[in-house]
Amino acid sequence: MTIKEIQEEIIEEFEMFGDWTDRYEHIIELGKSLPLIKEEEKSDDLLIKGCQSRVWLKADYINDKIILTADSDAIITKGIIAILVRVFSNHTPEEILNSNMEFIDEIGLKEHLSPTRANGLVSMMKQIKMYAIAYQTQHN
Amino acid sequence: MTIKEIQEEIIEEFEMFGDWTDRYEHIIELGKSLPLIKEEEKSDDLLIKGCQSRVWLKADYINDKIILTADSDAIITKGIIAILVRVFSNHTPEEILNSNMEFIDEIGLKEHLSPTRANGLVSMMKQIKMYAIAYQTQHN
Amino acid sequence: MALDINRIRQDFPILNRKIRGSNLVYLDNAATSQKPKAVIDCITNYYEQYNANIHRGVHALSQEATDAYELARKKIQKFFNAKHDYEIIFTEGTTESINLVASGFTTLVKPGDEILISQMEHHSNIVPWQLLCERTGAKLVVLPMDKDGQLRIDLLDTLLTSKTKLVALTHISNGIGVINPIEEVIQKAHAVNAAVLIDGAQACGHIQPDVQALDVDFYVTSAHKMCGPTGVGILYGKEDWLNKLPPYQGGGEMIKEVTFEKTTYANLPHKFEAGTPNISGGIAFGVAIDYLNQIGFDAIAKHESNLLQYATSELKKIEGLKIYGDVPNKTALISFNIEGLHPYDVGTILDQMGIAVRTGHHCTQPIMDFFGIPGTVRASFAFYNSIEEVDALVEAVKRAKKMLS
Amino acid sequence: MALDINRIRQDFPILNRKIRGSNLVYLDNAATSQKPKAVIDCITNYYEQYNANIHRGVHALSQEATDAYELARKKIQKFFNAKHDYEIIFTEGTTESINLVASGFTTLVKPGDEILISQMEHHSNIVPWQLLCERTGAKLVVLPMDKDGQLRIDLLDTLLTSKTKLVALTHISNGIGVINPIEEVIQKAHAVNAAVLIDGAQACGHIQPDVQALDVDFYVTSAHKMCGPTGVGILYGKEDWLNKLPPYQGGGEMIKEVTFEKTTYANLPHKFEAGTPNISGGIAFGVAIDYLNQIGFDAIAKHESNLLQYATSELKKIEGLKIYGDVPNKTALISFNIEGLHPYDVGTILDQMGIAVRTGHHCTQPIMDFFGIPGTVRASFAFYNSIEEVDALVEAVKRAKKMLS
Ligand SMILES: Cc1ncc(COP(=O)(O)O)c(C=O)c1O
Ligand SMILES: Cc1ncc(COP(=O)(O)O)c(C=O)c1O
Chain A
1253 MTIKEIQEEI IEEFEMFGDW TDRYEHIIEL GKSLPLIKEE EKSDDLLIKG CQSRVWLKAD
1313 YINDKIILTA DSDAIITKGI IAILVRVFSN HTPEEILNSN MEFIDEIGLK EHLSPTRANG
1373 LVSMMKQIKM YAIAYQTQHN
Chain B
1253 MTIKEIQEEI IEEFEMFGDW TDRYEHIIEL GKSLPLIKEE EKSDDLLIKG CQSRVWLKAD
1313 YINDKIILTA DSDAIITKGI IAILVRVFSN HTPEEILNSN MEFIDEIGLK EHLSPTRANG
1373 LVSMMKQIKM YAIAYQTQHN
Chain C
10 MALDINRIRQ DFPILNRKIR GSNLVYLDNA ATSQKPKAVI DCITNYYEQY NANIHRGVHA
70 LSQEATDAYE LARKKIQKFF NAKHDYEIIF TEGTTESINL VASGFTTLVK PGDEILISQM
130 EHHSNIVPWQ LLCERTGAKL VVLPMDKDGQ LRIDLLDTLL TSKTKLVALT HISNGIGVIN
190 PIEEVIQKAH AVNAAVLIDG AQACGHIQPD VQALDVDFYV TSAHKMCGPT GVGILYGKED
250 WLNKLPPYQG GGEMIKEVTF EKTTYANLPH KFEAGTPNIS GGIAFGVAID YLNQIGFDAI
310 AKHESNLLQY ATSELKKIEG LKIYGDVPNK TALISFNIEG LHPYDVGTIL DQMGIAVRTG
370 HHCTQPIMDF FGIPGTVRAS FAFYNSIEEV DALVEAVKRA KKMLS
Chain D
10 MALDINRIRQ DFPILNRKIR GSNLVYLDNA ATSQKPKAVI DCITNYYEQY NANIHRGVHA
70 LSQEATDAYE LARKKIQKFF NAKHDYEIIF TEGTTESINL VASGFTTLVK PGDEILISQM
130 EHHSNIVPWQ LLCERTGAKL VVLPMDKDGQ LRIDLLDTLL TSKTKLVALT HISNGIGVIN
190 PIEEVIQKAH AVNAAVLIDG AQACGHIQPD VQALDVDFYV TSAHKMCGPT GVGILYGKED
250 WLNKLPPYQG GGEMIKEVTF EKTTYANLPH KFEAGTPNIS GGIAFGVAID YLNQIGFDAI
310 AKHESNLLQY ATSELKKIEG LKIYGDVPNK TALISFNIEG LHPYDVGTIL DQMGIAVRTG
370 HHCTQPIMDF FGIPGTVRAS FAFYNSIEEV DALVEAVKRA KKMLS
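Protein chains in written order, with the working numbering: chain A, 1253 to 1392; chain B, 1253 to 1392; chain C, 10 to 414; chain D, 10 to 414.
In isolation and in its complexed conformation, chain A is listed as follows (with noise of 0.2 Å):
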């Protein structure tokens, strides 16, 4: 699937919820089912510091293709991150540069990402890009 198929099955799957309740539980659900990096492996390097939350990053890059790995100590945080990793993973550095974020606005949870929270998503999806960019480079 295209990222933006992605998105659009992720933006269907927020249309049933009826209220922020369901939303906001599904989500700490995402987070909670998967730890996504061992407690051992979160160095320095690749934690990436919000004042409210903290989150942690690691892309490799295998077949072509960005493999993103992320956690947070926040479950929320973590769970978006679930979102996104689902989003953006698995993709050519191409395509993560030509995608856009806006499908986070339509499913409720544009608060989150707006630069001012310092809960680390922002730097995480510059980071993101970043990684791509690197990618992109190094292998042209």
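Each hint should be verified, as a subset may be incorrect.
Said to hold, decoys possible - Calculated lysine-lysine pairs in the DSS-like style (CA-CA distance at most 25 Å, straight line):
#, chain 1, residue 1, chain 2, residue 2
1, C, 148, B, 1310
2, B, 1301, C, 271
3, D, 156, D, 325
4, D, 265, C, 148
5, B, 1301, C, 253
6, D, 411, B, 1362
7, C, 27, A, 1362
8, D, 172, A, 1294
9, D, 148, C, 271
10, A, 1284, A, 1310
11, B, 1378, C, 27
12, D, 265, A, 1301
13, B, 1378, C, 148
14, B, 1301, B, 1284
15, C, 411, A, 1362
16, D, 172, D, 247
Source of the hints: derived by calculation from the structure; they are not laboratory data.
Since the structure of chain A is provided, determine the placement of chains B, C and D with the ligands on it from the hints.
Quick look at chains B, C and D with the ligands alone, frame taken from chain A:
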């Protein structure tokens, strides 16, 4: 006449005036009529600086009374000075210290004695009271 | 006399706000207070009726604006019981006030001298002193706290020495709400000839400090935490101290005469008030003080103490909820965490229910480091908060706990 | 397209004021501009709807306030055509902006280095550099003006040397209205590797500077002179320069991490924005810019030029009236004296007729010293002034002259 009496006399005089034009023409007249301090006597130690206009003030002590001479480079300031000299000069330190300046309000010139107008008049009034205190202590 | 909360709440237009359909429950008063209509109207009235640049203008508007601004200074003087109105310096807020003093001490301390602060200071009362120490070679000394969140006053006698030049201490901790025994600190500091600056940012919306009774050398606060507008605050300083400090910023207003060879500075307070100030802000600060006085600080204290006690006892019933700084002498501010839950998550869920609390380190990282936590959830109350709002908070915390566990 | 002055005047509530029974004729715009309803309403709306402390808050109000504040920064960025929004630093105003840069240069200059300013600077663009020179042993060099009130640009090549580290120059003189050829100065200063700070306090209500086209290093201005509120302004700085300068004030917001051992600073713009800012002021500044854009700077320039020409030619008909800085390239500001009359007297009489002008040295004592006068009467216009108001001014000046002579 006491300070109070002179003040009442001035209030009466000003009641004659119909509007601000008459009032100000009178003040300007007062300002013009007396070159209170000679140019060559305007030394720096007599100078009180407002940032809008300058005021020179001399206070002599003769026969237990304070004799004031004052001047300004702005004619309206000078006119008001003439009024103040008429009121406060030739009185004892006690009389000066026991008096107030509320009559200025009643003759419609209140704004000129605002500490924020920076025309030197407020500093002049302070200085007059300081002289009064100084002469009082000196001769007690 | 008990406060008529319903009537008071009508003074605050924002309290009618809905957040995602819920009534706003504003419990972030330690970050900034809300503003009564009188303060908002004062600003409007200023701009609609007599906006002008102040000092030195001879036209009517300028005089009106100047008189109003200087009247505000007098109201503030009276509020703090300062001896002279010119001991009240208008600043942009607490942070600028502290920086002004810290900058002024550059020439007053030498290598080896000490500046004593505490472990529970706001960053605004840490970083300016660190910068001062960097500039001068003075040493920053820190008075620690105990596990309850109270200052180790017992260590004062050891830490205060003839090297101590200044003690900078918060009146009330914005991180955990603890009220510090500043009287004792001031007395002991003066005994070694150290000056004392008290950071009153968290205090002045709740209690009324008497700077002469305290005998404090500098007291600083922000209007926006006491029902006033943003962008204005004050530095109170004893006349002698203010005369000792060099000017902070250069500009209009703060000079007596300027030539390229030599500039002489104006008298207090103007020496420290360079440039066009926040005129509308200063005037509205005065109105905020009128408003607080009219409500009455005794009544405020009583009501806030009720809120605190009720909220504390209700929150404590929630299993796994831990309050930091749960001591008798504190203001109506509750900083807490729920075992296993991240404060950011709790705050996010509360927000969904219209409940505004702050989460994070509250600009007091050293406190968080001390407790070994990433941050707390902080509910901070004002006199216009109601008992019903406490209930809403408690319910919401329970629900957040359930959702997140 | 000509401005519809009558309609525009309705946007400004204060223009309905009566002063002692006369209509207010506000010609003190160089001191501070009046505010349109949109700006006043923005402030009210902020306090009634979404007042909260900004940055880092996770609750809705905090997010709304932060978004509005950051949107204002973007509007300002666009207005000045800055490359990045983080090159716009919010300050208390022009004076603070200049002090911030002057303080930052403390570590960048050494004894013998030179700071070049001009003879027509506002005290706010003199004193901070004098203080810098005192701190560092650098030398203050002054570019003189000629008897018409124009800078001696011909001396630039002599005065700019490899010792010149910074040139601080006003875009437009608040004392006499002359517009300086800043493009040429910037180019020549860069040729000797000197940085350039332009004081735009008098410019931005009348013209729209393009900081990238100018290639200026620092540009500063105050909101209150461009239809915005008091207590807020900006420092534009090129990213490289802002990174080179150390932080100015210490406090909340401007840090990344604080421990007592070591504090690391936040990225731009926060590094320079310690403490709670003037939030309502910043947001309303953005609205002021919207308003000015909507009126349009071409139309503003055209109308103000009409006012200037008409007022100049009418005033010149008064015998003994002398205009300072009566040159082609100037803004709608007329600084004058009448032979034998003190400016304070003239201003006082004008005020009686409801005409608000400024008298005195306008915080530019060196200009007054240059002309050997105690001060001037200054009538300064804005786009909302009408031709009829020029007539009122001229009539009033004639009357004052008659009364005082
Ligand atoms: C040219 C110039 N520079 C600086 C300033 C100082 O601006 P502010 O008082 O807003 O800081 C002014 C204001 O009068 C000015 O006209
Ligand atoms: C204890 C304390 N000190 C200082 C400050 C800084 O105040 P401001 O941001 O108004 O400058 C605050 C505000 O959060 C505070 O709570």
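For the pair supplied as a hint, residue 172(D) and residue 1294(A), confirm whether the alpha-carbon distance does not exceed 25 Å.
violated (51 Å)
Check whether the Cα positions of residue 172(D) and residue 247(D) lie no farther apart than 25 Å.
holds (22 Å)
Below or equal to 25 Å on CA atoms is what counts here, so check residue 27(C) against residue 1362(A).
holds (19 Å)
Can you confirm whether the C-alpha distance between residue 1284(A) and residue 1310(A) stays at or below 25 Å?
holds (19 Å)
Regarding the pair residue 411(C) and residue 1362(A), is the alpha-carbon distance no greater than 25 Å?
holds (24 Å)
Assess, step by step, whether the Cα of residue 148(C) is no farther than 25 Å from the Cα of residue 1310(B), and give holds or violated.
violated (53 Å)
Hint consistency between residue 156(D) and residue 325(D) [alpha-carbon to alpha-carbon, up to 25 Å]:
holds (18 Å)
Pairwise hint evaluation, residue 148(C) against residue 265(D), where the allowed Cα distance is 25 Å at most
holds (22 Å)
Are residue 1301(B) and residue 253(C) close enough, with their CA atoms no more than 25 Å apart?
Measuring from Cα to Cα gives roughly 24 Å; hence the hint holds.
Pair hint residue 265(D) and residue 1301(A), alpha-carbon separation not exceeding 25 Å
Satisfied, since the Cα-Cα distance of roughly 9 Å is no more than 25 Å.
Checking one constraint from the list: CA of residue 1301(B) to CA of residue 271(C), max 25 Å. Satisfied?
OK: residue 1301(B) and residue 271(C) at ~17 Å, within 25 Å.
Is residue 1378(B) close enough to residue 27(C), meaning Cα to Cα at most 25 Å?
violated (57 Å)
Going down the numbered hints, you'll see the structure goes against 1, 8, 11, 13, while the others check out.
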